[in-house]
Amino acid sequence: MTAFLVRRLLAAAAVLLIVAAVVYGLFYLMPGDPASLACGKRCDAAELAQVRQTMGLNRPVYEQFWTFISSIFAGHAYDNGVGTVWCSAPCLGYSFQSDEPVTQLLTQALPVDVSLVAGAAVLWLSLGIGFGLFAAMRPNGLRDKATTFVGLAFGSVPIFILALLLLLLFCVWWQVLPFPTFVPFTQNVGQWAENLLLPWFAIALTFAGNYLRLTRAGVLEALGQDHIRTLRAYGYTERRIVARHAVRGALPTVATIAAMDIGGVLAGAVFTESMFGLPGLGKLMVDSASTIDLPVITGVTLLASFLIIVANTVADLLYAVLDPRVRIS
Amino acid sequence: MTSTPILTVEDLRISFGAVNALNGLSLELEPGRALGLVGESGSGKSAAALSLLGLHRGTGAQVGGRILLHPRPTGAGEIAEPVDINTADDETLRRIRGRELAMIFQEPLTSLDPYHRVGDQIAGVHRLHFRSGPDEARARAAQALEQVGIDARSKYRAYPHEFSGGMRQRALIAMALVLEPRVLVADEPTTALDVTVQAQILQLLGRLREEIGLSLILISHDLAVVGGNVDDVLVLKSGDEVERGPVREVLTRPQHAYTKDLLNAIPRLDAELPTRIAASAEPLLKVTDLSVVFPSHRGSAATTAVDGVSLELLNGESLGVVGESGSGKSTLGRSIVRLQKPTSGRIEFAGRDLGSWRGKALRDHRRDLQLIFQDPASSLNPRRSIGDSIAEPLIVHGEKDRDRLRAAVDGMLERVGLDDSLYHRYPHQLSGGQRQRAAIARALILRPRLVVCDEPVSALDVTTQAQVVKLLRELREEFELTLVFIAHDLAVVRQVSDRIAVMNRGRIVELLPAAGLHEAQDPYTRALLSAVPELPVA
Amino acid sequence: GGSSTTTGATSFNAASCTGGTLNVLDQSTEDTGLDPAVLYTSGGGAIPRLLFRTLTTRDTTAGAKGRTVVPDLATDTGEASENATVWTYHLKSGLKYANGEAITSADIKYGIERSFSSVLAGGPPYLRDWLVGGSTYQGPYGSDPDLASITTPNPTTIVFHLRKPEGDFPYLAAETQFAPVPKADDTGKNYNADPVSSGPYTIQSFTKGKELVLVRNTYWSRGTDSQRLACPDKIDISLGLSSTVIDQRLASSIGQDADAITTDTDVDTATLAKSASQPSLKARLTSGNFPDTTYLAFNTKAAPFDNQLVREAFSYAVDRTSLVNAQGGSQLATALTTYDPPSIGGAYHPYDYFPAGASGNAAKAKQLLAQAGYPDGLTVTLAYDSNGSSYDGPANAAALQQALAKAGITLKLDAIDDSNFDAVVTNTKTEPALSLFSWGADWPSGAPFLTPIFDGRDIVQGGGNFNLAQYSDPSVEAEIDKINQITDNSKAQAAWGDLDAQLGKLALTVPLYTVNDVVLHGSNVKNTYVDQWRGWYDISSVSVK
Amino acid sequence: MSRNNDAQPTLRARLWARPGGRVALILVGLIILIALLAPVLTALEGQDPNTYHDNLLNSATGGGPNAPFGGISAAHWLGIEPTTGRDVFARLVYGARISLLVAAGATLGQLLLGLLVGLAAGLGNRWADTLLSRFTDLVLSFPYLFFSIALLAIVPQSFPRPVLLCVILAGLYWAPTARIVRAETLVLREREFVAAARLYGASVWRVARKEILPGLAAPVVTFTALMVPSNMVAEAGLSFLGLGVQPPTPSWGQMLSTATTWFQTDPEYVLVPALTLLLCVLAFVALGEEIRRAVDPKGAGR
Ligand SMILES: Nc1ncnc2c1ncn2[C@@H]1O[C@H](COP(=O)(O)OP(=O)(O)OP(=O)(O)O)[C@@H](O)[C@H]1O
Ligand SMILES: Nc1ncnc2c1ncn2[C@@H]1O[C@H](COP(=O)(O)OP(=O)(O)OP(=O)(O)O)[C@@H](O)[C@H]1O
Ligand SMILES: [Mg+2]
Ligand SMILES: [Mg+2]
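Protein sequence lines, in the order shown, are assigned to chains E, Z, W and U. In terms of the working numbering, the first sequence opens at residue 2 and continues consecutively. In terms of the working numbering, the second sequence opens at residue 80 and continues consecutively. In terms of the working numbering, the third sequence opens at residue 2 and continues consecutively. In terms of the working numbering, the fourth sequence opens at residue 295 and continues consecutively.
Among the clues, some could well be false.
[To be verified] Calculated lysine to aspartate or glutamate pairs in the EDC-like style (CA-CA distance at most 16 Å, straight line):
| hint | chain 1 | residue 1 | chain 2 | residue 2 |
| --- | --- | --- | --- | --- |
| 1 | E | K146 | U | E583 |
| 2 | W | K93 | W | D226 |
| 3 | W | K407 | U | D342 |
No wet-lab data here; the hints were simulated from the structure.
All chains should be built: construct the whole structure from the sequences, respecting the hints.
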């Protein structure tokens with residue numbers, strides 16, 4: 002177990018290094034000049050050169066990359082032209098466009114995604130597993146077909162349409178919920194939840210269909226297995242068989258996929274964030290990509306990758322925990 | 080005995096759509112009595128067993144007739160009136176299942192829930208029926224495990240996959256025992272097990288009958304197994320009863336021709352040996368000091384599966400390999416055909432070192448060495464038709480012409496006694512015996528010189544077993560095969576082999592001519608011999 | 002456009018309008034913060050103008066008068082020397098920052114000097130170009146901190162020495178670069194997060210990308226500021242919202258959104274359509290203009306646009322109706338045949354030399370093309386900004402492609418990524434032969450509209466060139482210099498209009514349309530009008546009481 | 295009992311024999327047919343996807359259609375697009391080409407890459423397995439949206455967008471398929487029929503093709519059937535961010551993303567692409583499910 006985690010950690014470090022390198026590589030291939038964007042629409046060549054130097058863009062790529070990597074561990078002093086700013090470790094660079102250390106931008110954005118995923122995951126899991134069981138109770142019956150259809154239908158609507166629909170329904174037509182803004186959990190739990198209810202549902206509804214299918218398939222497969230017959234032969238009720246035993250067969254897969262989905266949402270729910278105007282990682286990523294703010298792009302990408310890797314590791318662990326036949330190695 | 084029956088079955092009929100599995104079975108079971116249900120594969124034994132617990136409900140099978148469960152004589156039980164299983168409501172049935180009638184399924188490997196600890200599963204059953212507290216249930220479960228010879232202290236918290244086949248079988252019995260049912264239906268409780276474990280389990284069942292007055296329905300296709308363990312026996316054939324009576328009666332003086340066939344098909348240690356097929360004097364295979372060690376893995380210790388084995392096999396000879404489960408038989412066989420890389424030692428085939436072949440050369444030489452796998456179902460790709468699977472080796476070795484392929488496969492099918500109309504069938508559409516023949520056909524289509532048969536008959540019922548054994552003999556003659564025949568059933572091995580190697584813990588402890596089996600000296604060989612179930616003699 | 006709507010005028014009273022919280026819903030993330038040296042605004046912007054007072058500012062009145070310059074910190078709009086090369090300003094008395102300190106002319110000089118520093122780049126380029134020594138000055142942080150062409154003879158006087166006549170200097174003096182910055186409080190790059198306010202509000206909290214909260218600057222009073230009413234006690238600005246959400250929130254106007262307004266989001270076309278049948282919604286719509294022109298830019302140094310006949314053919318071929326519709330219909334855009342849009346005021350001189358009608362004159366275009374040597378039509382590539390939301394975006398390109406096809410012109414589309422579009426198009430080395438471009442005036446005058454586009458001396462090699470036609474004619478340049486010397490604004494504007502009309506005959510561009518800003522506000526917001534300088538609400542005037 | 299027919303029916307015939315399979319086949323076939331016949335269908339309607347109909351728009355109120363119900367009429371079967379007046383039906387059927395092309399291309403790419411990497415990892419030695427599995431994890435941990443944005447910006451516009459979209463979606467999404475394939479392969483390769491194949495000398499490549507691949511069919515097909523619609527939705531998402539195919543080329547994703555603002559005033563304009571997408575998703579999911587059952591020899595009767 003510890004060996005497994007240590008190995009995973011090392012692999013993760015390597016993956017993150019590669020991701021960072023790829024981001025740097027892509028960045029230099031990308032058209033557009035961050036310096037000229039930072040410099041403004043009407044900026045002359047001399048000014049541009051100055052800006053480029055301040056942003057450190059005139060140094061060779063590998064040097065910039067090395068600075069980036071080393072400052073993660075050792076911190077880095079940035080000369081912002083007027084004085085030096087000390088960016089302490091773990092320093093993921095300094096955004097010259099918003100004049101803030103990237104780490105700070107990330108720590109501002111992350112709570113949004115954590116909040117998003119916290120509620121959404123609970124919702125999509127309970128909806129998905131609940132309706133999956135409901136559908137599996139009478140396979141191929143009307144309610145099975147209906148739930149599966151509805152689940153699929155929600156899953157196939159692009160989330161930006163779904164988000165809009167929810168906004169229109171709840172905020173414009175029925176006016177039962179406020180237009181979402183992000184209220185930190187620590188500030189006011191009630192408002193936090195009230196504001197996030199729609200984003201949660203938007204995410205959960207798109208995801209739940211998949212969980213419904215997985216649960217349903219898992220339960221049905223389990224119900225066809227011999228050990229279920231044993232339970233029947235020993236007088237278990239059908240409900241207990243489905244809820245306590247058959248569902249266990251579906252759980253490893255569901256949990257694995259859930260961990261990965263949670264990682265994905267944590268790493269930035271771009272569409273949800275942009276539709277509901279939530280300042281999370283996804284929005285930060287899209288914004289920084291359009292202004293080609295390399296330090297932020299790299300920072301967000303690394304954090305996102307890291308979160309996904311953690312989620313994948315958790316997924317593997319969960320699988321092993323939930324299926325006693327699997328051993329972690 | 081004068082006591083009233085526990086179970087009365089009247090005109091039980093079971094059909095699966097167009098297939099009639101059982102056509103009107105009637106029987107009575109009294110407390111403490113044991114009834115054997117025998118018949119070849121597909122005769123309706125399992126179908127009947129399942130119906131006793133009402134387990135066909137909701138599966139689409141039609142069950143007719145009456146299955147009456149009588150109340151406990153003391154009246155202390157949960158049912159007061161006789162209950163017809165076929166018409167009882169779900170709740171009544173639920174209370175009867177396990178508590179009154181318990182069942183051990185034919186497939187012990189898959190009948191336990193893989194996600195829950197074995198002990199907890201047993202305790203759960205106890206809690207369900209006795210509404211006992213968790214501690215009491217746990218104590219009872221542990222006790223039941225001990226009863227079937229499993230160390231509860233170390234194994235209570237184990238998961239089913241951590242149990243060997245025999246242990247799982249016993250865990251299932253423990254689950255039945257914890258409820259102290261009145262009737263135990265045991266469906267082929269020993270097929271998957273080697274003789275020594277089989278003997279243990281049969282002993283246990285016998286003891287239970289004595290100790291708690293359990294009534295037993297023991298299902299098997301093996302008359303010898305049934306022989307020593309039941310009072311009465313009932314012979315089924317294609318869903319019909321052909322004969323019944325006290326076991327000694329039926330086994331010693333069978334009335335019906337089918338019963339006689341069944342009895343004749345049972346391989347006996349004392350049966351007359353067929354004439355030896357002459358082998359040439361030159362050696363084909365020479366194994367010198369072969370060892371296979373599986374390195375320690377994930378906490379389990381290293382296993383020396385084969386430990387310094389040396390053998391010589393003449394061209395055309397047949398060598399039987401016996402030994403209990405885990406003694407290294409399969410590993411030896413797989414090493415010979417080079418599916419398993421030896422840790423040390425040397426294997427020479429036709430004077431060439433097998434280990435020196437690599438890549439393309441190895442693939443070309445492979446055709447001379449074939450293996451018939453222990454389980455035909457898993458050695459045939461379930462997604463390819465039998466014909467395609469048999470043709471595949473030829474294709475791999477360069478045959479492209481479709482007509483010639485087809486002709487070759489048809490010829491081979493015919494040779495192993497399969498109709499060429501089966502060409503397009505998938506493995507699951509064949510019976511076990513047919514599948515085994517198909518596997519043999521595939522192994523032989525390249526005309527190999529040496530074939531290792533790894534327990535080719537242990538999964539088959541006696542009649543099919545006899546057929547396959549006969550087929551192998553014929554093929555040996557026809558194709559001039561050299562044979563390594565692995566089995567745990569001494570009686571079968573004896574029929575096919577010229578010489579017999581007895582393995583124990585990776586070593587060959589004794590190498591005897593087939594005829595001289597009775598003169599075995601090694602204590603282990605003697606133990607094996609004595610564990611073979613014997614038919615009662617008149 | 003032109004006229005403005007004032008709602009709630011009956012109940013609005015400037016004397017009793019103070020109090021309450023105004024909510025502002027914006028798309029902008031303000032990621033680059035609020036440094037007056039870096040901001041590139043027109044007329045001081047919407048939010049910056051609440052924090053920064055400048056020497057001059059725009060007149061905060063509805064209608065055309067809103068395009069005029071009025072004094073702010075200064076007592077007048079500037080005294081010009083004879084040929085408009087020396088400009089002198091005197092400060093009002095009693096001016097204070099939010100920290101209670103007095104505002105001096107030296108602070109204004111320092112604020113301007115800061116904007117020359119490369120670390121604070123981003124503002125408009127005029128100061129660098131106009132001030133004596135501006136092109137070499139590196140800002141106050143370097144070894145040579147003083148810019149000699151700005152002098153402060155006393156704490157209330159500031160004098161600017163220009164290297165050439167610039168009659169539009171008072172307009173420029175309204176930009177945030179002219180806001181005072183106390184040297185002692187300058188934190189360089191970090192100043193953008195918490196600048197010292199000279200306006201009616203000061204920053205209470207600021208989270209980039211999320212929220213900016215402004216509260217009253219207690220040292221400010223209406224007594225020294227005739228241009229800002231500053232009614233709300235607090236202004237809460239939500240940043241980084243999606244345009245759809247802003248539109249929906251303003252339209253439904255529930256709860257706090259009744260007190261909401263936006264400074265950067267036009268009404269959705271769909272909401273506009275809905276307003277046709279909903280008078281209550283329609284009453285909350287205001288429209289106005291920021292003088293801008295979207296046009297087809299020819300590179301006259303590249304074939305086939307070196308041929309005026311081809312350029313004329315394109316002028317005839319365009320279908321302005323479909324372009325206007327692509328913007329969301331006639332309320333949101335107005336077809337344009339002149340380079341100067343009507344909203345620029347005096348510099349607008351109507352003309353239509355190549356009448357294409359509402360939907361293009363394909364026959365005439367074909368005829369001209371044949372004349373130019375393309376009887377079978379021709380194929381050209383149009384460069385445009387791939388960002389769907391920008392004015393020069395894909396919808397226009399598709400509409401143009403359809404219209405030009407009728408005249409036998411095959412338009413191949415080359416979408417350029419938003420972050421790279423300006424860099425490619427404004428670089429003479431990479432400029433495409435044909436591009437879809439738009440230009441907005443830095444202030445409502447002909448000078449910033451025509452000079453960068455048609456002055457041959459403004460052709461910049463290697464990036465930042467907006468004279469996309471690469472047109473240069475000494476006589477035009479002489480004319481530009483002549484107009485720049487005129488300090489009488491209305492005369493100057495008329496002269497700019499004439500110059501536009503003269504240039505229009507050359508078909509150096511095909512003006513397509515000008516955008517109208519139609520903006521929505523919450524039902525409780527009063528004294529809402531869109532100023533005719535920028536086309537957005539004047540936050541300094543609105544009230545929620 | 296087992297059927298006694300001689301030749302095994304083809305997959306198509308087996309699918310066709312199942313009512314659900316028939317419906318799914320017909321639906322998917324219809325969608326493909328519509329895409330293929332786009333020029334014919336639009337000719338039948340008498341419209342084309344790029345002609346503007348400014349006369350049908352109400353320019354004064356935002357540029358929506360003059361007529362109610364999104365301007366549905368005998369001339370414009372599904373109405374017209376707001377602000378341009380282009381024919382929605384024509385754009386829908388032409389859009390089907392792009393959407394299907396992108397979805398099919400991307401799915402094919404994902405499938406091939408996933409199979410290749412998964413099989414190689416599953417059948418290769420420990421080294422190959424470790425290397426490929428880490429690589430899969432690496433790709434899996436790429437935040438795909440950023441990479442899509444970056445790549446779509448890097449590749450010059452002259453490169454056909456649909457192809458680029460396929461390449462990007464395939465390049466970034468093959469990892470889940472590879473994971474599944476590897477896991478299944480690891481299970482299958484332990485099966486005795488694989489050992490049997492090695493025994494008669496089949497090469498690794500042949501084992502992969504003949505023994506492993508058929509066993510992978512069921513899980514992979516089910517998974518793949520879901521990839522098709524999810525690729526369609528991904529294309530819609532990229533279009534929403536302004537990164538999809540460039541105008542005037544129509545695609546469903548583009549229609550959906552421009553339709554968002556018209557939800558309230560011209561709902562028909564949103565519903566048409568949204569319902570079409572939904573129908574497609576359902577068709578493909580159903581097809582996947584049916585294929586899964588049909589390729590499973592034991593499921594033939596179920
Ligand atoms: N679920 C089912 N559907 C259709 N036919 C079935 C089903 N279960 C059993 N059968 C058929 O019913 C007959 C009796 O089967 P049963 O399982 O009772 O045989 P058995 O005597 O237990 O054989 P074995 O010794 O192989 O276990 C067989 O022909 C079998 O093919
Ligand atoms: N791949 C493997 N890895 C580790 N241990 C193995 C492996 N294969 C076999 N063994 C071990 O080697 C020993 C011999 O196994 P083998 O399969 O040869 O027994 P067998 O005599 O064929 O038994 P059976 O009668 O049950 O088939 C056993 O202890 C087994 O657990
Ligand atoms: Mg059976
Ligand atoms: Mg074995």
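Each hint, compared with the structure:
no. : hint             : in the structure
1   : E:K146 to U:E583 : 13 Å, holds
2   : W:K93 to W:D226  : 9 Å, holds
3   : W:K407 to U:D342 : 15 Å, holds
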